[in-house]
Amino acid sequence: QKEVEQNSGPLSVPEGAIASLNCTYSDRGSQSFFWYRQYSGKSPELIMFIYSNGDKEDGRFTAQLNKASQYVSLLIRDSQPSDSATYLCAVSSSGNTPLVFGKGTRLSVIA
Amino acid sequence: DAGITQSPRHKVTETGTPVTLRCHQTENHRYMYWYRQDPGHGLRLIHYSYGVKDTDKGEVSDGYSVSRSKTEDFLLTLESATSSQTSVYFCAISGPTGGGDNEQFFGPGTRLTVL
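Just so you know, the protein sequences line up as chains A and B, in that order. Going by our numbering, the letters in the first sequence line up with residues 1 to 111, in that order. Going by our numbering, the letters in the second sequence line up with residues 1 to 115, in that order.
Some hints could be false.
As the list claims (entries may be wrong) - Pairs of lysine-lysine residues, derived as DSBU-like cross-links and limited to a Cα-Cα distance of at most 30 Å, are as follows: (1) A:LYS67 x A:LYS56; (2) B:LYS53 x B:LYS70; (3) B:LYS53 x A:LYS2; (4) A:LYS103 x A:LYS56; (5) B:LYS53 x B:LYS11; (6) B:LYS11 x A:LYS103; (7) A:LYS42 x B:LYS11; (8) A:LYS103 x A:LYS42; (9) A:LYS2 x A:LYS56; (10) B:LYS57 x A:LYS103; (11) A:LYS42 x A:LYS2; (12) B:LYS57 x B:LYS70; (13) A:LYS103 x A:LYS67; (14) A:LYS42 x A:LYS56; (15) A:LYS67 x B:LYS57; (16) B:LYS57 x B:LYS11; (17) B:LYS11 x B:LYS70; (18) B:LYS70 x A:LYS42; (19) A:LYS2 x A:LYS67; (20) A:LYS103 x A:LYS2; (21) A:LYS42 x B:LYS57; (22) B:LYS70 x A:LYS56.
These are calculated hints, taken from the structure and not from any lab test.
With the hints as extra help, turn the sequences into a complete structure.
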């Protein structure tokens, strides 16, 4: 059974701080890693994906991947109240194989 | 906007009735997926399709069937709905027409209540 683990939260950070969201996965053969943001009552929205070890930056978001430790993280710099949402980590083994999702971490950014 | 629509967006039905949910995409993506999302369980894969008439089961496929007779439509059928199938159902797509990229994009969801 392939598993993806996330702390459920809530993770509370003050406005302007860095939010750090973490995810571990069980399948060592995983190749593709995704972060989705989901607002309450809405569908998941893809915000980052990473395929290689290291860091990938896109605006205020940085995804970090360490395949040896089977660990992927998402950093959100200069957190805003609008970043308050549930963040889902998802992993797939290759190509367009279905994603395995974590249960999500709820982030609350306090103004 | 990945051009995905789901219908209906909300449905209330009774135990034992058949229900069909539709996912429609306009950009000729090869792969389509059905997930359900429940509190405490997160998103779980029901079925997926890797081409017209090509489908496979996911983690929670019991009680569900799917069909894909044309590229743009992926139907999810509950043959005889049960209260345990009350959930929010999301369709997702991936893959450009020529293959490659496996980022998945989600439709708006269908909230199904089985009484």
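Here is what the structure says about each hint:
1. A:LYS67 x A:LYS56: 14 Å, holds
2. B:LYS53 x B:LYS70: The given pair, whose Cα atoms are some 8 Å apart, holds under the 30 Å limit.
3. B:LYS53 x A:LYS2: 27 Å, holds
4. A:LYS103 x A:LYS56: 23 Å, holds
5. B:LYS53 x B:LYS11: 26 Å, holds
6. B:LYS11 x A:LYS103: 25 Å, holds
7. A:LYS42 x B:LYS11: 16 Å, holds
8. A:LYS103 x A:LYS42: 15 Å, holds
9. A:LYS2 x A:LYS56: Holds - the C-alpha atoms of LYS56 (chain A) and LYS2 (chain A) are around 24 Å apart, at most 30 Å.
10. B:LYS57 x A:LYS103: 21 Å, holds
11. A:LYS42 x A:LYS2: With Cα atoms ~26 Å apart, LYS42 (chain A) and LYS2 (chain A) stay inside 30 Å; holds.
12. B:LYS57 x B:LYS70: 19 Å, holds
13. A:LYS103 x A:LYS67: Holds, because 20 Å separates the two Cα atoms, which is no more than 30 Å.
14. A:LYS42 x A:LYS56: 26 Å, holds
15. A:LYS67 x B:LYS57: 28 Å, holds
16. B:LYS57 x B:LYS11: Holds: LYS57 (chain B) and LYS11 (chain B) sit about 24 Å apart, inside 30 Å.
17. B:LYS11 x B:LYS70: Distance ~24 Å between LYS11 (chain B) and LYS70 (chain B) Cα, so the pair holds.
18. B:LYS70 x A:LYS42: Since the Cα atoms of LYS70 (chain B) and LYS42 (chain A) sit roughly 27 Å apart, the hinted pair holds (cutoff 30 Å).
19. A:LYS2 x A:LYS67: 15 Å, holds
20. A:LYS103 x A:LYS2: Holds, at about 13 Å.
21. A:LYS42 x B:LYS57: Holds, because 25 Å separates the two Cα atoms, which is no more than 30 Å.
22. B:LYS70 x A:LYS56: Between LYS70 (chain B) and LYS56 (chain A) the Cα gap is close to 37 Å, so the pair fails against 30 Å, i.e. violated.
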